[in-house]
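Could you build the full structure based on these sequences and the hints that come with them?
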Amino acid sequence: MGQGFVAKSLTIENSAGPQNHQAAVLYNTANQSAFYNCIFLGYQDTFYAKENRQFYKDYKIYGTVDFIFGHAKAIFQDCHIYARPETLITITAQNRASDSEVNGFSFQGCHVEAAPGLTPPQRANLRVFLGRPWDRYSTVIFMQSIFDDIVDPQRWTEWPGVPVDHLYYAEYDNSGLGADTSKRVNWKGYHVVKKWMEDDWFTVAKFLDGNSWLPETGVPYRSGLRIVS
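Counted the way the UniProt record's numbering counts, the sequence shown spans residues 1 to 229.
I should point out that these hints are in silico values taken from the structure, not numbers from a laboratory. Heads up, none of these hints are tricks.
Below are the DSS-like pairs computed for lysine-lysine, each with C-alpha atoms no more than 27 Å apart in a straight line:
| # | residue 1 | residue 2 |
| --- | --- | --- |
| 1 | LYS195 | LYS206 |
| 2 | LYS194 | LYS183 |
| 3 | LYS194 | LYS206 |
Here it is in structure tokens:
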């Protein structure tokens with residue numbers, strides 16, 4: 001995939017199954033790439049957002065461990081994030097490595113939920129973390145999203161051997177049965193954002209400079225946040 005790659009209404013599946021552990025559905029390095037109405041079906045390490053500016057709109061992703069991971073500057077807008085059964089379920093593993101880098105994952109208007117078709121016992125045993133730091137400056141924010149009750153009250157979990165002092169994990173204006181932040185991790189780098197202006201930086205317009213290139217893709221997008229009165 002090269003610069004400006006666009007995919008629409010595409011389904012990609014890695015059929016390796018959970019027993020084969022790491023098995024990526026997609027490896028994306030394309031700058032100014034956009035995906036619209038796509039489905040990624042996998043388990044561990046479903047999707048590798050390796051680098052550069054990437055945008056995902058109205059897509060569905062299925063996974064278990066670190067199923068959205070990488071070093072990209074990526075925004076996921078109005079997406080469904082489906083958790084499949086596993087002992088440890090972590091949605092993101094973002095690996096920003098230094099303070100001088102400018103990358104991270106921003107989720108806007110997404111829905112974290114159980115994968116369709118699970119039995120009641122399978123669903124009851126789901127324990128989903130929003131992410132863990134693949135490197136010490138890991139950067140992830142969930143904004144104006146819906147969390148079902150499968151989201152663990154701690155929200156985030158550690159990666160063995162990776163310090164949590166310099167990461168940036170944040171939540172803003174989320175809702176749903178799993179959105180309560182009162183029992184979340186007490187890390188220096190974790191933030192519950194109270195005013196939308198504080199994280200306006202993580203919008204399409206500012207984080208991706210999306211207004212300069214997304215219109216050419218034909219993929220719909222919101223340049224900013226939904227205004228909350």
